[in-house]
Amino acid sequence: MRPRNLYSTFNYIQFLVAILLACHAIPTPTEAKNSLRGIPYYRVFTSQDFDSGASSEFVTTAADGTVFYGDRNWIFLYDGAVWHKIYQNSGTTEKITALLWDEDGRIYAGGFNAFGELIVDSENKASFRHLVPRDQINNGEHFQKIFNSSDSIYLTGRRSFACYNKADGTIDTHVFSTWLTASFLLDGKFHLLTDENEIYHYENGELIRPEEIVAGNNSNEVTIADIVIGDQGEVIMASERRGLFRFDGRSFQKAYPKYEHDSKNLVRDIELTKDNRLLVASLGGGITVLDPEGNALEQLGSDIDHRFKSARSVTVDKSGTVWAMFNSTLAKILLDSPLTAIDEHIRPSFFYASQHLHGDELYIRSFYILYRAVFDESGRIKSFENALPDADLEVWSVAESNEGLYINTANQGIFRLANNKLEYLVGSKAYDCLVQSKSNPAYIIGANSDTIALYKKNGQGLELVDAINNNGGVIYRAEEDGQGDFWLEYGLGAAGRISIQNDKITHDYYSSSHGLSKNEWMSIWIHEGKALFTGISQILTLDEGSQKFVAHEILKSDGIEESLRIERAFTDPSGNLWISANDKNIIYWKTSEGVYQRDETSLSEMGEPYFEFIKFLENGEALIMTAFEFFHFQQTDNPLAQHASIPPTRIISIADSNENTLHYTYLANSSQPEEIRFDYSDNSLAFTVSNAFTYSTLLPQFQHFLEGFSNDEPEAGNAPWTSSSSTTFTNLHPGFYTYKARARLGNGYLTPWTEYSFSIAPPIYQTSYAYLGYAVVSAFLILVTIKVNSSRLRKQNLKLESMVAARTKEIESKNDTLETQANELESKNRELATQSHEIKRNALELSAALVQLQETQDQLLTTARIAGRAEVATNVLHNVGNVLNSVNVGISSLDKQVGRSRVANLKKISNLIYQNRQSLGHYFSEDERGKRIPEYLEQLSDALVEELDTYKTEITQIEGNVDHIKRIISTQQTHAKKIGIIQNIKIADLLDSALALTLGESYEAEYKTDRRYATDLQIRSDKHMLLDVLINLIKNAKESITERQSPDKKLTIACKRVDPDSIEISIADNGIGIEAQHQDILFTHGYTTKKDGHGFGLHSCANAIKTLGGSLSLTSPGPRKGATATITLPRQFPNTSQ
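Read left to right, the sequence shown gives residues 709 to 1846 (my numbering).
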């Protein structure tokens, strides 16, 4: 049984003696087995991550797992990605240096000469409230630690101690003359240690000081830095320089016997994890993780990151994440992740390297160098060094074997490396791929893009027994199936197989004709001894009967999604599947029932890059290599790493959109804010959420949604994911809303939605009281109106009766007058009949004149048509001439390209082959010119194919121009009969055609063309008539630019909608421009400013646009300032004839 009084005088002496004896006990070192584990994932937060540049003072975790970090001026809350400032002191009395959450959610805070609690005040801001007056404390320093018991709160500073009584609110303060080095709460008693090796305990309101301990001259050399209490109540103490000690119930003895502390490093803090590992933080030594025997499981020192050497505090939060404070920075460390990084702190940089093992030795081949891992005294990877420092070799490929590593070099042969000894075996080519057969280890295959060679062991050496041509190209990897055949990965749409029999190799090449997709990279996957090929859309395997690749059923296994888009896959010896798919790296663990269980967590820290190679070790570990990263995987049983409970996403603040006014602040002491009814003046709100899960270095993403504001359904995933934990909704209408948020964590987990309902009050003029007031006022106004109108109607009625009587007398007088006027009218009618006879006679004379006028008009129309035909013929020749210019340019270009053709070189090659036809084998393999012929033929064939494509392009261009000439002539032939075919025209396509026909297909190389096209702009009109106009206008712009002789040739082509019924097309250039006196006569028939012009172009364009129901204008700012032609057209061709 544990003694009633833990620290009797006898036990004090026994304790110190045990410490001194243990400090001089040096354990015998044992040789550590090499470990391939890399560096745990960590992330360091600097002053840039805190908007105030905070320096570290404390890290603590609330009951719900939320992490808080602060110094004496600020406190920050971690939302899983960034830090949010939730508190800033307003004076010296409110500086907070320690926080504690009790079981009721109260937050106790200690500061300078102060003790109180952190609360949300009436303004919804975090504030410090004193629980006792400052003059009752007066310790002259900051409290640095807080401890909680059932009835008391204990606080300690560097020289002071205080006990706060929860029941009566009193505080008992003690100030020491010596330094307090450690304190702890055990069995309901609070204990303190001083730098003079005195132990006090506080009991029943009294601080009891025992007799001074005297235990030798070296007693003052043991300074306790920190104390932790284990799950079983054991007390573990850390000396600054002398190591670790444990109280076993009877005495203190040396703890963690295999741990050898370097006395040059000062221990500053220790912490126990849930699985009883001890974290030791020391200045100079960094952070050491110990098992119960004292073996160093991890060592995070300056060789990994220089900031680790200043570690002074470690804390483990509820997610299992380790938080380490340095001088002015903070780090989060994932100790329990099954994945660690063999990163560039300890290895060379590489790109698509390969990894190799021989015994306990790890090698990396990168950039033609073979590197070997160097291990430190504890057996951890320290660095990598050149494995062949004395050999001037370019290492092309490496094959593993039980005898060592087979190394293929650049035309220097194949070597074997075993026990650091390099042995030459046989001469060889440089192979991209080298592999030893597992079914028959006597065989080694080397392959490159030209050759596949088979080597066989011959005593201690190798001999080449067979070689064949490789007709498939570059081989990226080779894998052996359960039958001893090697499957080759050629990449896009191809695969191969090598079989060995009687020292001979056969090669089968598979392509799209065998069922492989041309456009998919076919990756090899050896699953349960069978070769599979992973395409983006399906998994294929070869059907031996039909020699066709067919779909494999692996994706239909229980627990595997059929929708996986697999990049690469591996199967480990236990049948588990390691798959890179859908931008994730996943493990499907195979159960004893044959069902697969999906695991996105274990490999989540890899991020999106998919793995290239995985090497499965006998102890269940794995080495994973991507294109440029290297990882070690070791399955862990720690529940914090694999099965951590995911905390809910919480709302941590609600503020106005400018974040000037807080409506709610979260301090991890309440669940969610109560429903708030916001005033209409507060209808723009900013919400910030947080998730307390910290066990990932990958940043979480958040999804925000406001029900009642958006019609999207968040369950359907319509709300966008964002890296920001904050969102703002502005100008909310009066009504009820529900804000929803959730997080997608770095380990792949998706949290449930958190919901918060609130309402926006209507403005005062829209409230029910306002409407009631409106109704009362309206009723009153109606009554007043009725009364006023009734009185007015009575007066109006009397006035109306008087007016009717007067009007009756007036009507009687009018009747007499009308009778007199009727007699006069009858006399006038007789006169009108006489005049009507005269008008009929004049009408007959006018009809005869009209017949004569019609004959004259017909003669004028005949004359106009004859003149019109001449103008039409002129326009035809003008338009055809424009297109013929483009035809001439195309034919000239084609003639030049034919003159430069390399087809004549074929005759030279043919002559060389004919001259050496008797010894072609010797000529192609030995003669220098003969060796170059195949390569030259391949280059020449590519050049000729390229020339042929160019000829086809030019001929197609010329054919298009000729077709256009035909259309011009056909259109003008029918001009006299009807207007052209009316059809739907895409303006953008028509403008591009006009540019290509006028300037040539490669016009963008000569002209800087700015095309400003409205989207989907279409009209219904005569396509060919409009195309002729555009060609004329672009040709004029081109000639204007040429005449100006400016090196900067600019054309701006634009089209847009003017209104729903019309569009506008503009063609602007930076050419010679137009003088002001010419602008009013530009469209006159026969007018031109060109030396060789005829004056038909612009005149015919204006007439054509008018025919199409539009208008054409041409403007210029002046000479040498360019010009702009503007066409306005209706979207529907007018029905009336022009």
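Calculated from the structure, these hints are not laboratory results. Quick caveat, the model's predicted, so the values are computed rather than measured. The beta-carbon is built from N, C-alpha and C at its ideal position, and this holds for glycine as well. Hints may contain errors.
Below, in silico cross-link-like pairs of lysine-lysine (DSSO-like), each with a Cα-Cα straight-line distance of 30 angstroms or less [as the list claims (entries may be wrong)]:
1) K833 <-> K874
2) K1448 <-> K1503
3) K1746 <-> K1757
Simulated restraints, written as ranges between beta carbons of each label pair [said to hold, decoys possible]:
4) G1328 <-> T754: 22 to 30 angstroms
5) S1207 <-> L1628: 52 to 60 angstroms
6) V1303 <-> A1259: 16 to 24 angstroms
7) R1719 <-> T754: 46 to 54 angstroms
8) G1302 <-> R1385: 53 to 61 angstroms
9) V1484 <-> E1382: 34 to 42 angstroms
10) P1460 <-> T1438: 41 to 49 angstroms
11) V1766 <-> Q1605: 38 to 46 angstroms
12) G1190 <-> S1219: 19 to 27 angstroms
13) R1385 <-> N1505: 29 to 37 angstroms
14) E1463 <-> T878: 40 to 48 angstroms
15) N1210 <-> G1190: 50 to 58 angstroms
16) V1484 <-> N1505: 28 to 36 angstroms
17) G1328 <-> T878: 24 to 32 angstroms
Output the indices of the hints that this structure fails to meet, ascending. 2, 4, 5, 10, 13, 15, 17
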